[in-house]
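In this text, residue positions in the sequence shown follow numbering that gives the first Met the number 0: the first is 0, and each later residue adds one.
Any given hint might turn out to be false.
What the hints assert, rightly or not - Simulated restraints, written as ranges between beta carbons of each label pair:
1) Pro228 to Glu175: 36 to 44 angstroms
2) Arg298 to Gly165: 44 to 52 angstroms
3) Arg298 to Gly144: 37 to 45 angstroms
4) Glu142 to Val164: 43 to 51 angstroms
5) Val164 to Tyr140: 40 to 48 angstroms
6) Ala398 to Phe537: 32 to 40 angstroms
7) His300 to Thr174: 37 to 45 angstroms
8) Gly165 to Gly144: 50 to 58 angstroms
Said to hold, decoys possible - Below, a list of computed lysine-lysine pairs in the DSBU-like style, where the Cα atoms sit at most 30 angstroms apart:
9) Lys310 to Lys530
10) Lys208 to Lys160
11) Lys291 to Lys266
Derived from the structure by calculation, the hints contain no laboratory data.
We put the beta carbon where it would ideally sit given N, CA and C, even for glycine.
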Amino acid sequence: MWLGVRGWLPFLVQECSNLRCLSFARTCRGRGGPMAETLSTEAEAASGLRAPVQQNGDASGVARGERPPGLPQPAAQGVELAPREGPQATGSEEQAPAAPQDLGKRKKRRGTVGERVVPPPKKRRAGVSFGDEHFAETSYYFEGGLRKVRPYYFDFRTYCKGRWVGHSLLHVFSTEFRAQPLAYYEAAVRAGRLHLNEEPVQDLSIVLKDNDFLRNTVHRHEPPVTAEPVRLLAENEDMVVVDKPSSIPVHPCGRFRHNTVIFILGKEHQLKELHPLHRLDRLTSGVLMFAKTAAVSERIHEQVRDRQLEKEYVCRVEGEFPAEEVTCKEPILVVSYKVGVCRVDSRGKPCETVFQRLSYNGHSSVVRCRPLTGRTHQIRVHLQFLGHPILNDPIYNSAAWGPSRGRGGHIPKTDEELLRDLVAEHQAKQSLDVIDLCEGDLSSALTDSTAPSSELGKDHLEDLVASAQKMDGILEAAPQDPDIVAQPPGNAAETDVVNQEIDPLCAECRLVRLDPLPQDLVMFLHALRYKGPGFEYFSPMPTWAQDDWQES
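Sequences are here, hints too, so could you generate the full structure?
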């Protein structure tokens, strides 16, 4: 029976032992996916490496997502895919090498007159890890109870999205990447910061084609996090378990890269090739587990899917929580992945949390929480619904939800109005970092401002470009020695250049931001215990959950 092309392709890929046929079958997956996926598959298959493709993101630059060479990075909400640097392979799927003659044909076809030549993706190592070259990008320092990262230069990379094809770079930047004004991108072009297929962009009017590869060099600033150390709770041949402080993300996401648990473990404890077994919100502290091998990771995830993993949290909530055990089964809907906001809604996914009060001091209660499902912000949303939000929750204990603050699911606003009011509240407090946003993230749907307040003045454009070109020349000539990059900044301009502290084109460098207080980076929600078949890990009870804790 004639099955058609789509009907035969799975059979051909599975059964055909001829490498040429397998390579042809991959190519025949067609324009449904970018050509970059086929090229990436070939590049990695030839090296015999396999790794799952995951997402990572940032709020600025050409790409909202980025993948450093050699690293698959964990998923982040509200981000776009970074350049294709490896096959979408998971489990035991193997990537067979393409026949040499096929590679030669493709290489010849890509090099035809009038077609842009796209450099092949770099090889990637298996596992979730960073290498020494990533750690050497910059250094930490500690100040005022905070862990800070010195600003550094970084390349954001992405392949051309389908919706960009046929549009100019000018159009893409003006419609999708509004973290910077167009004057910034014009200056970046003239300073040699933007590359298309590894060639410097000469004019933003250039029209993008399918599979074009963009690279944008930016000056990157990371928000500070608590100076509390990432303490090791346990380590064996299978797992690493840590006590994560509040305010530190698990893995690179948003504006965070070096100020993440993954980076700190690799840089300070030489723990690499780790696989996160679960995630905690950035402001949540407590037990965090990593597997050392993919096999252990898969085994634990099977236990999670089979509901064999027991989780226990502790929190401090407003008011007198009921003395008897309370079970909440309200469904939860994601309002915005970008801002990270959920709400109780009948259209949401089913979930269940069991609560038990531990103590009450006359103003607030310490509550044990056992989430039986794993929805985003499940504990926080259910506590809000019950009328006892976490005492210092920056999202679910906000006046933006209305007079009742979401109790009983009563929210007298549309989702758009709610998001607008939440963002406006944190803008007024200069605390957008608390909800993992920066000014450049705000779209016209969330703010009346259509451009950052730090917009470049065109009168100063020539001076900025000249300064940036001079600085880039000094950086390229400087020794690529991690010890030099990690030196503390001095007063001399040359030291600032080598340490990448100041960049003429960087809007962040021209802003004066007040550091948060260490206590502002703590939310009263803590992962106290994780238990599964054959293991059980505890974290110490946090200070704010003690009986003698006093509210300030």
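Cross-check of the supplied hints:
no. : hint                                 : result
1   : Pro228 to Glu175: 36 to 44 angstroms : holds, 39 angstroms
2   : Arg298 to Gly165: 44 to 52 angstroms : holds, 47 angstroms
3   : Arg298 to Gly144: 37 to 45 angstroms : holds, 39 angstroms
4   : Glu142 to Val164: 43 to 51 angstroms : holds, 46 angstroms
5   : Val164 to Tyr140: 40 to 48 angstroms : holds, 44 angstroms
6   : Ala398 to Phe537: 32 to 40 angstroms : holds, 36 angstroms
7   : His300 to Thr174: 37 to 45 angstroms : holds, 38 angstroms
8   : Gly165 to Gly144: 50 to 58 angstroms : holds, 51 angstroms
9   : Lys310 to Lys530                     : holds, 7 angstroms
10  : Lys208 to Lys160                     : holds, 9 angstroms
11  : Lys291 to Lys266                     : holds, 16 angstroms
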